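*Asks:* Residues per chain, in single letters:
2 protein chains.
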Amino acid sequence: MTNFQATKAMFDLPEGLIYLDGNSLGPLPSAASAAMQDVMQNQWGEMLITGWNKAGWMDQPTRVGDRIARLIGAEPGHVVMGDTLSIKVYQALAAALDLAPEGRKVILSDSGNFPSDLYMADGLIKSLKQNHELRIVAPEDVAENITEDVAVLMLTEVDYRTGRLHDMKALTTLAHAKGVVTVWDLAHTAGATDVRLSECNADFAVGCTYKYLNGGPGAPAFIYVAPRHADTARPALSGWLGHDAPFAFDLDYRPGAGIERMRVGTPPVLALTALEKALDIWDLTTISDVRQKSQDLTALFISEVESRCPQLQLATPRDPAKRGSQVSFHFEQGYAAMQALISRGVIGDFRAPDIMRFGFTPLYIDETDVRAAVDILEDVMTNALWDRPEFKTRSKVT
Amino acid sequence: MTNFQATKAMFDLPEGLIYLDGNSLGPLPSAASAAMQDVMQNQWGEMLITGWNKAGWMDQPTRVGDRIARLIGAEPGHVVMGDTLSIKVYQALAAALDLAPEGRKVILSDSGNFPSDLYMADGLIKSLKQNHELRIVAPEDVAENITEDVAVLMLTEVDYRTGRLHDMKALTTLAHAKGVVTVWDLAHTAGATDVRLSECNADFAVGCTYKYLNGGPGAPAFIYVAPRHADTARPALSGWLGHDAPFAFDLDYRPGAGIERMRVGTPPVLALTALEKALDIWDLTTISDVRQKSQDLTALFISEVESRCPQLQLATPRDPAKRGSQVSFHFEQGYAAMQALISRGVIGDFRAPDIMRFGFTPLYIDETDVRAAVDILEDVMTNALWDRPEFKTRSKVT
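Order-wise, the sequence lines are chains F and P.
Counted from 1, the first sequence has number 17 at position 17 by the numbering used here; the numbering is strictly sequential.
In the numbering used here, each number is its position in the second sequence, counted from 1, plus 398.
Please keep in mind that the hints were generated in silico from the structure rather than gathered at the bench.
Careful, some of the hints might be misleading.
What the hints assert, rightly or not - Footprint (simulated), chain F over chain P, 3 or more residues, beta carbon under 8 angstroms:
| no. | stretch |
| --- | --- |
| 1 | 506-516 |
| 2 | 620-628 |
What the hints assert, rightly or not - Here are the computed lysine-lysine pairs in the DSSO-like style, where the Cα-Cα straight-line distance is at most 30 angstroms:
| no. | chain 1 | residue 1 | chain 2 | residue 2 |
| --- | --- | --- | --- | --- |
| 3 | P | K503 | P | K524 |
| 4 | F | K129 | P | K406 |
| 5 | F | K54 | P | K452 |
| 6 | P | K503 | F | K105 |
| 7 | F | K105 | P | K527 |
| 8 | P | K527 | F | K178 |
| 9 | P | K524 | F | K392 |
| 10 | P | K790 | F | K126 |
| 11 | F | K129 | F | K105 |
| 12 | F | K178 | P | K524 |
| 13 | F | K54 | P | K790 |
| 14 | F | K126 | P | K503 |
| 15 | P | K524 | F | K105 |
| 16 | F | K126 | P | K524 |
| 17 | P | K527 | P | K503 |
| 18 | F | K129 | P | K576 |
| 19 | P | K720 | F | K129 |
To be verified - Facing chain F, from chain P, some residues (calculated, C-beta under 10 angstroms):
| no. | residue |
| --- | --- |
| 20 | A407 |
| 21 | L411 |
| 22 | L415 |
| 23 | D419 |
| 24 | S431 |
| 25 | L483 |
| 26 | Y558 |
| 27 | R559 |
| 28 | A672 |
| 29 | C707 |
Computed from a prediction, not measured in an experiment: that's the story for all the values here.
We put the CB at the ideal spot given by N, CA and C, even for glycine.
Model the full assembly from the supplied sequences, consistent with the hints where possible.
*Replies:* Below, the structure written as structure tokens:
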């Protein structure tokens, strides 16, 4: 069993803060700053252009991708880093549409998907002008809407508001039975749940690394392409580093082998360096240990809050197998209540219209934190701190 | 007149090296490391999720964009940072095609364009399946090929091999006379030449920041949209941060006002922080001073090399107004000769089949450097050092 005190010791966490927002932005790994100094001063500063070879920058996107592959049940050599999650969604979706049965025009998604995924689909559809349709159903209606007119099923495993977790294996199986290609967004599951892409037979997957993987603000995204599609998937974003021979500088594009073709432009070396250090922490644990502990922590939080804060109504599935690594509660004054909590050192966040959201990441959150957070939450609720005017002013980002 | 000793002092340049490859990757600005420590430890580490507001991360893409706007003659509020140059090419090209006269199907470019731009156009065309054509002509034939069937003229101002500079004003004027929309790639001109987007009436422009802007390996790209198109250009890559109200989390996409709509995903905060420090150096100079000095340095290099190294044949236009900030020479054994030069501390690079390429960036290269580089080059050539076997082995990236 993992020593989670050891993993916690690998983060720089501000004194006196209980950070339950790692599902939005993970905290700073202690080793990341020194690694960044090294890449800047000893690599960029000293090696300059030769760093691309000497320091291994050019291979960084697949090297880091392989480390993430381990955490999401992907085959080695089938994950590559780069760009942002929205760009990776576009890339995966465009390739998936190409692989779908001729004539199918429907992209099926759900209203629990993160809006950016829906927006990217909308942008792609409007560019293609081929009468594609983005069909958005309620999360609980996805299964019955996987019909034979669907080209691609595009889902985010965990609903960013409620924490509800889709059954990737069941939905992928259902999709394949109808000839539907799947695109899974792992934004809230990579590093949080025991994702098993290969076992589930997923076609494409994408994810970000600034949440449960602690890569830092704006850390690069990743894309997975199943081995069976890797050499046939067409890269719509056909950049030079996805070319079969980028340094031949041919005028014609020829896709690289396998996952290499999903590379686009010059890799974000500095950001990937911070991420590499964050991934070192996973050498001390396993994703199944993390998942088990996460389920324990979320269960504890739910039971404590329900018994001590009757004003809050659970928005997250009670069955631990059906939720990600966050717990959400409905509360009409949720925005102000969250501001009050934050002022007392418990950082969660708020999602409209009334969701108070708390992320639990076993790498640095333990039972003591959970109990301390509930103590403060109980105080906020019992004394109606949310009713104070200073907590009601809204800022742009929460 | 600028004090270029002061700008040079703002870089960490390795002792004893003459770095003539800033047109590929600019060197480390001295202040960048400390700024990175600050953003990591005091912002990410301490503020965590609240950094998006408190540290101004959310506005960083437009704040930094405005600083670049000054260097490329763009109107303030019309440049935004993000992604890679290849992604920005795709974004600009997709929007430009939309704005082109109905029914036109040709994207005109030239064989001097950087291949990734051509690859991205190819990927877009293959996705659209609307019978677009990528027409690639020789650089000197561009003007006569701007005909009324052309939808978009997509050019990189400076040829990455020869350093030849297109006349943006003349070609844009010609393009507009035929109803053609223009996309200019400033990869080799932003920070190097006196780009005047607004004065030239350019429609779209894109560029990278790791060359003459010294943002670091894989630094983010930028996109410019002319004010007259800013509120009508359709963002094909319609990510949530380009939405009119990203934090409303609507299911439907509604493009943001002006350049905001060209934002896609979460901004690369760490990389943008390094770039911000690199841009501080420009507070000590002006782009016109830099351009003047660059023309002097390249002229000096050309005349010295031509008089002392008769084996080398100039590939760059002799007229300073017709070249960027690099000088290239043809030499059959150019690869080995460049390796020999590098081993002697003069860093340039090689581009197939026979181009030895030297970039001159007045911010940190002066006449003494130019003369010292030519001394070493003369030695390499006179003594045929390129003929030694140790210089003939090829590596993947040069």
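*Asks:* If a hint holds in the structure, say so; if it doesn't, say that too.
*Replies:* The hints, checked one at a time:
Coverage of the stretch 506-516 of chain P by chain F holds. Counting CB-CB distances below 8 angstroms, 5 residues qualify, and the rule asks for three or more. Only residues whose beta carbon comes within less than 8 angstroms of a beta carbon in chain F count, and the stretch 620-628 of chain P has 0; fewer than three means the coverage is violated. Our distance criterion of 30 angstroms between C-alpha atoms is met by P/K503 and P/K524, whose separation comes to about 13 angstroms. The suggested pairing of F/K129 with P/K406 is violated, with an alpha-carbon distance near 51 angstroms, which exceeds 30 angstroms.
For the given pair, F/K54 sits about 38 angstroms from P/K452 by alpha-carbon distance, which is inconsistent with the 30 angstroms threshold. Using a Cα cut-off of 30 angstroms, the hinted pair P/K503 and F/K105 holds, with the two alpha carbons roughly 24 angstroms apart. Between F/K105 and P/K527 the alpha-carbon distance is near 14 angstroms, which keeps this suggested pair within the 30 angstroms criterion. Using a Cα cut-off of 30 angstroms, the hinted pair P/K527 and F/K178 holds, with the two alpha carbons roughly 26 angstroms apart.
Between P/K524 and F/K392, the direct Cα distance comes to roughly 51 angstroms. Violation of the 30 angstroms bound is thereby established for this hinted pair. Distance restraint check for P/K790 and F/K126: the Cα-Cα separation of roughly 51 angstroms exceeds the 30 angstroms cut-off, and the hinted pair is therefore not satisfied. Using a Cα cut-off of 30 angstroms, the hinted pair F/K129 and F/K105 holds, with the two alpha carbons roughly 11 angstroms apart. For the proposed pair F/K178 and P/K524, the alpha carbon gap of about 26 angstroms is at most 30 angstroms, so the pair holds.
At most 30 angstroms may separate the alpha-carbon atoms for a hinted pair to count; F/K54 and P/K790 meet this at roughly 18 angstroms. Proximity of F/K126 to P/K503 is assessed by CA-CA distance (about 17 angstroms); at most 30 angstroms being required, the pair is judged to hold. Using a Cα cut-off of 30 angstroms, the hinted pair P/K524 and F/K105 holds, with the two alpha carbons roughly 17 angstroms apart. At most 30 angstroms may separate the alpha-carbon atoms for a hinted pair to count; F/K126 and P/K524 meet this at roughly 15 angstroms.
Restraint check for P/K527 and P/K503: satisfied, since their Cα atoms lie roughly 11 angstroms apart, inside the 30 angstroms limit. Between F/K129 and P/K576 the CA atoms are separated by roughly 26 angstroms; this keeps the pair inside 30 angstroms, and the hint holds. With a CA separation close to 41 angstroms, the supplied pair P/K720 and F/K129 exceeds the 30 angstroms bound. Hint status for P/A407 relative to chain F: violated, with the closest Cβ pair at about 15 angstroms, above 10 angstroms.
The closest approach between the C-beta of P/L411 and any C-beta of chain F is roughly 8 angstroms, which is under the 10 angstroms cut-off, so the hint is satisfied. The beta carbon of P/L415 is positioned within 10 angstroms of a beta carbon in chain F (closest approach about 8 angstroms), and the interface hint is therefore held. A hinted interface residue such as P/D419 counts as satisfied when its beta carbon comes closer than 10 angstroms to some beta carbon of chain F; here the least separation is about 5 angstroms, so the hint holds. Contact between P/S431 and chain F, as hinted, is supported at the beta carbon level, the nearest pair being about 5 angstroms apart and thus within 10 angstroms.
The closest approach between the C-beta of P/L483 and any C-beta of chain F is roughly 6 angstroms, which is under the 10 angstroms cut-off, so the hint is satisfied. The interface hint given for P/Y558 holds, since its Cβ lies 8 angstroms from the closest Cβ of chain F, which is under the 10 angstroms cut-off. Against a cut-off of 10 angstroms between C-beta atoms, the interface hint on P/R559 holds, since the closest Cβ of chain F lies about 8 angstroms away. At a threshold of 10 angstroms, the smallest CB-CB gap from P/A672 to chain F is about 6 angstroms, leaving the interface hint in force.
Because the closest C-beta pair between P/C707 and chain F is about 22 angstroms apart, greater than 10 angstroms, the hint is violated.
Checked against the numbered hints above, the structure breaks hints 2, 4, 5, 9, 10, 19, 20 and 29 and satisfies the rest.
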